[in-house]
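**Q** The task is to assemble the complex, starting from two chains supplied on their own in separate frames and drawing on the hints.
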Amino acid sequence: MPDWRRRAFLASSVAGLSAVAGCASLPVVGNSDDEPSYDYQRLGDAADPDAVPEPSLYPGRVPDALAEAHYERGRSLLDGVPADLSFPNGVVEARLTDQRERAAEDFAAAPDGVSSVGTLGQWRRAREDAAEVRGAYDAASGDLTQADIADRRARVRSDLTSFRSDWSYRGDTVVEAVVVHRQLERLASAARRSLLGRRRLRDDLQSAVFAAGEVVADLEGGRATVADAAGLRDAYVTDGMDAYVDDIATAASRLEDVISATLRNVGPDIDRESDVGDFHRDLEGTPAAELFWVAQRTVVGTPNMVGDTIARGDYATAVASAGHTLVDVVAAGSAVSAIRDGEHGQPASTDEIVELREQAFAAVDDTLPTESGSVEAFVGWPARRALRDAESELGGYEFEDEDRTPDHRDVVRAVGGYAYAVYAADAVPAVVDRVESELGAGE
Amino acid sequence: MPDWSRRRALQAVGTVTAVALAGCTGGGDTADPPTRRHGDPVTDYDLLQVRDPDATQLFWRGDRETADGRVGGGYEYVDSESTLDGLSFASDSDAAADLSAFAFATDFDERSVLLLARQVAECYEAEFRGVWRDDDGLETAFCQQLRPADESCSREGEDAFGVALRVPFADAEFTSFGSHWSGDCGPKPVGIDEGRNAGGGGGRDA
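As you go down the protein sequences, you meet chains A and B in turn. Numbering-wise, the first sequence is residues 2 to 444 according to our numbering. Numbering-wise, the second sequence is residues 380 to 585 according to our numbering.
It is worth saying that the hints were derived from the structure and are not from the lab. Some clues are possibly wrong.
To be verified - The following label-pair restraints were derived from C-beta to C-beta distances:
| id | chain 1 | residue 1 | chain 2 | residue 2 | range |
| --- | --- | --- | --- | --- | --- |
| 1 | B | Arg534 | A | Asp65 | 54 to 60 angstroms |
| 2 | B | Asp513 | A | Ser38 | 44 to 50 angstroms |
| 3 | B | Pro568 | A | Asp240 | 53 to 59 angstroms |
| 4 | A | Leu197 | B | Ala480 | 33 to 39 angstroms |
What the hints assert, rightly or not - A few chain B positions that, by computed beta-carbon distances, are all more than 10 angstroms from chain A:
| id | residue |
| --- | --- |
| 5 | Thr422 |
| 6 | Asp458 |
| 7 | Phe483 |
| 8 | Ala484 |
| 9 | Phe487 |
| 10 | Glu501 |
| 11 | Asp513 |
| 12 | Asp514 |
| 13 | Ala549 |
| 14 | Asp550 |
| 15 | Ala551 |
| 16 | Gly557 |
| 17 | Ser561 |
| 18 | Pro568 |
Computed from a prediction, not measured in an experiment: that's the story for all the values here. Heads up, the beta-carbon is just placed ideally off N, CA and C, and yes, glycines get one too.
Isolated chain B, as found in the complex (with noise of 0.2 angstroms):
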């Protein structure tokens, strides 16, 4: 018999398994929570996050990114209508339509929106938990925790995630940009304002 607590054991390997079922698409994503955030809180934001289960795409500057076989991810920050001119959603899934939406309804001489875009595992909830500013950029937190037991889903299925963040910044000039993901959503912190959610969330019924 081994003398150490399995439970301790399956703990840590249930955690490493919930971010690497969510999937890394690039976009300056990192896979553990920092131990302390650096900048300051962004609190007065509002906040919009959508899940398609068939969408591999949800927005693109360019060209579509399929060639390769990856699936869409990664940010693009908009502080201008032109900026948001030059990207594509995808036409065929309600969710980028609604990003979309929520991008175009922005006041740019006020504020400036952030989009984000990966693949979360099926069986998994995403929730948002923060954003920080610093002198370059933004920095953004999700956590991750499993859906109910009695609620179908592929061990094996991704669904794209997307979010769209207003924040009130403009003429920001910020070059720099990361998202932390945990695998465990664990307590929220005392001391975060929720934002304005403009609705959806990280359930799949967003």
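Chain A extracted, bound-state conformation (with noise of 0.2 angstroms):
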């Protein structure tokens, strides 16, 4: 979604919410005489997990012939589909004209401007759903073999490995090149993990018509995936840029130490069997048991994924992951110590809550960058996902698809998300200059 329409619905959710408060008619709905009771309705009116901004982290140019190699080649791969199918198994004829009619609508309009990587990934998702119709009707057809899939497998296996082969991580600066490569590691860990095929197909492919269909889908991809990736690269990196793969692996695997550390001295004392009772008062039902779980939750195990992510050779996504673990544990030692202080207890008011509220927003507002390309649009993530979790517990979306008013559980958490957002904004500043830093940002 563009930015624009973010702000434009955290405008007018804001604006809404200011509207409904004077409404004196609205129900207030309380479950006990101890429990303060909120205006439900107003609050779940006000959410809007969309209003979160989300930067554009992407600073390279995204190429006008990617998107379209997709349309081209997904409009070739339904044209081999008929749109008047005839199968003697009748669930089979059903199933396939149903999935041609819903993989062709993506394509009914050829792409324009496509300026984002995450406009590429959903032409990217046609063309695999175009795919997939087509593997299905070949292998429905006899027109699809097992050595068709061992073919395409190594197509897009030899294609990967060749990607790979010339990757030193070129970029304008550090970070940008953090940010960039970070994008295509994700596209080359897409692609890998199209090959590894997860099914297991029988041999008569007649017999496994749609399973079938899934894996030429995933192939098909994989291959899109590396072609995509190689794209983007190709279009952000040019002859005068140093390589930066030594600073950016070398960065990741001191940040895993720095996070040791920043767990050592700043990180809640608190592990997998930690529970509120340890706060040694009645905690639960509150904002600040939820603030805990939300602390627990994001500090247990996390170090082990930055070195999970080194480990696999994926040094830019470990750099940007070391960044959402240091604001995590800071912000979860901020929580706890909070907690610890008393603070977080039951919000009095309604007003209170949406006070609350319009100040995670302002904090999370804070944390966003001037210019995409920086080490703050991916080191304020956890405090963007928090603010997002938080707006979803508000709406009362979970779990229910109509009756979206939020019950008093739902608000009590939306609170403790909104505290954990604002204390995730708060860590993010130390976080960017110490990821910078170890970085060599500016040297």
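**A** Printed below as a string of structure tokens:
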């Protein structure tokens, strides 16, 4: 979603909140005499997870040719599947017809000015869907063999090997190199996963029509993903750029140690076995308890994720993950200290919750980068994640499709989430400084 | 353009459709496979699976159940010849005759027979996946998979599917029976003995 739209959502939701604030006829529901009652309808109406800003991270150019290639290839795949399908097996015929119609919807119009990697990914998935239909159709017709699938797998593997063979993480700056090559690592990882062959296919593919279609789609996705990775890299890298692979790998490794040191010094003194009862007062049903659970969830086990990513050789991803983890560790430390100090009890009123929500949005806004390709863009993610989760809670989105009025528990969870978002946002500047320092940015 | 993967959505819909097409006619069936089975796997069994595209009921106890339009399904646990004598098998069905012959060939001093029946969508094969025993009864598991694209079948058609399972229990006094049906066969688990298949299968040729 474009940034302007999120801003508009935020503005409209805040305006809506203000508008209904003065309406005395709205229901006020409480669970017991001991529990504060809130205007749940008003709070639920205000929530909008899509209002949480999501800055554009990728600073490179997205060539038009990439999405156009997906469009042309997808159309070509679909053109090989007749609209008036006929198979002896009635279920095969009906499902293929339905799949074809659905896949064709995405190809009604050619891509027009695809400028984000997110939209490019949507075109890639549309191409996969077209390949799934074509693969299933070919299998049903007896025109797809195991050898065909093996050939396609070999091609993706070859393309991926070629892409990885000359990868030195070039960039305008080391920070921009992290941002760009993290995106390329994601694509390369996705292509590698496409080779795994999730399902064992029967030898007779006419007996495994739709499973065969899925395998073909995975491999088509792998092929398209490597092509996008190569195309994005070619569009970004110029001859004069420095290679940063060693700087980024070194920073990733050092940041893993920084996480351990930070955990020891300012991180929360909690582990997998910790519980709200450790605070020696009754926190059940309070935002403090929810804040504790969020803090525990986010820090327990996360340092290992960075190590695993380094072991895979995805150094830019490891740097970004280390940045997220450091924000979470510092935020969790602050949160647990505050809980120990007796903070984060029940809000006294609906107005107080509204204020806490606005404070969280303001804190997250302060972390937003002024330009893409900066450390702030990826380090600030945990704050945005916490805010989005809190908005989902306040909107009562979990489990309920129709009735989205939050209950008391949803509101308490949301308030805990807003508090965490503020702590995470507060942690961002120090973590940005440290990540830049370990990367040698500006040197 | 939607930003979700249509393939994932279609997979989910496909699974649900497969289960729905199979029909559910009572007798303790549940549509979803359990995440973990309870009880001990039974490996010393004899199995017969039959299909009949024309039959609505393969066996029944008491009056034939046709008045309310329901098709035959459910289970019968048979631990003696007298119990078996109280059952009726469809006289116009070879599949029902096979089930009857299998049941009557049982030595009830040492073994008993679980008879199961339900409707299965014509375009799907049914596959037996195992039987488990707990203190109260028996639990069976089946899965379905789409028949080959070049085999003729109607999307709306249904066949009567019957199973006779001879298990090594006599005087067990079981009171609980259940069947789990999965819309996707997936890989077979390791460690489950296939038992002895007395012939037939989930395919339409049985």
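**Q** Now tell me, hint by hint, if it's right for this structure.
**A** Tested hints:
1. The given range of 54 to 60 angstroms is broken by B/Arg534 and A/Asp65, whose C-beta atoms sit roughly 43 angstroms from each other.
2. With their beta carbons about 48 angstroms apart, B/Asp513 and A/Ser38 fall inside the hinted range of 44 to 50 angstroms.
3. Evaluation of the 53 to 59 angstroms hint for B/Pro568 and A/Asp240 yields a pass: the beta carbon distance comes to about 56 angstroms.
4. A hinted range of 33 to 39 angstroms is violated for the C-beta pair A/Leu197 and B/Ala480, which are about 47 angstroms apart.
5. Taking the minimum C-beta to C-beta distance to chain A, about 24 angstroms, the non-interface status of B/Thr422 holds against the 10 angstroms cut.
6. The beta carbon of B/Asp458 is kept farther than 10 angstroms from every beta carbon of chain A, the shortest such distance being approximately 38 angstroms.
7. No beta-carbon of chain A comes within 10 angstroms of the beta-carbon of B/Phe483; the shortest separation is about 35 angstroms.
8. With a minimum CB-CB distance of about 33 angstroms to chain A, B/Ala484 clears the 10 angstroms threshold, and the non-interface call stands.
9. Its beta-carbon lying about 39 angstroms from the closest one in chain A, B/Phe487 satisfies the requirement of being farther than 10 angstroms from that chain.
10. The Cβ of B/Glu501 sits about 8 angstroms from the closest Cβ of chain A, inside the 10 angstroms cut-off, so the non-interface label is violated.
11. With 10 angstroms as the threshold on Cβ separation, the claim that B/Asp513 sits away from chain A holds: the shortest Cβ distance comes to roughly 31 angstroms.
12. B/Asp514, annotated as away from the interface, keeps every beta carbon of chain A farther than 10 angstroms; the closest lies near 35 angstroms.
13. Remark: the non-interface label on B/Ala549 is consistent with the geometry, its nearest Cβ contact in chain A lying 39 angstroms away (cut-off 10 angstroms).
14. With a cut of 10 angstroms on Cβ distances, B/Asp550 stays outside the contact zone with chain A, its closest approach being about 42 angstroms.
15. Interface exclusion of B/Ala551 from chain A stands, the closest Cβ pair being 37 angstroms apart, more than 10 angstroms.
16. Non-interface status of B/Gly557 relative to chain A is upheld: no Cβ of that chain comes within 10 angstroms, the nearest being about 27 angstroms off.
17. At roughly 15 angstroms, the least C-beta separation between B/Ser561 and chain A is larger than 10 angstroms, which holds for a residue marked as non-interface.
18. The beta carbon of B/Pro568 is kept farther than 10 angstroms from every beta carbon of chain A, the shortest such distance being approximately 14 angstroms.
The structure is inconsistent with the numbered hints 1, 4, 10, although it conforms to all the rest.
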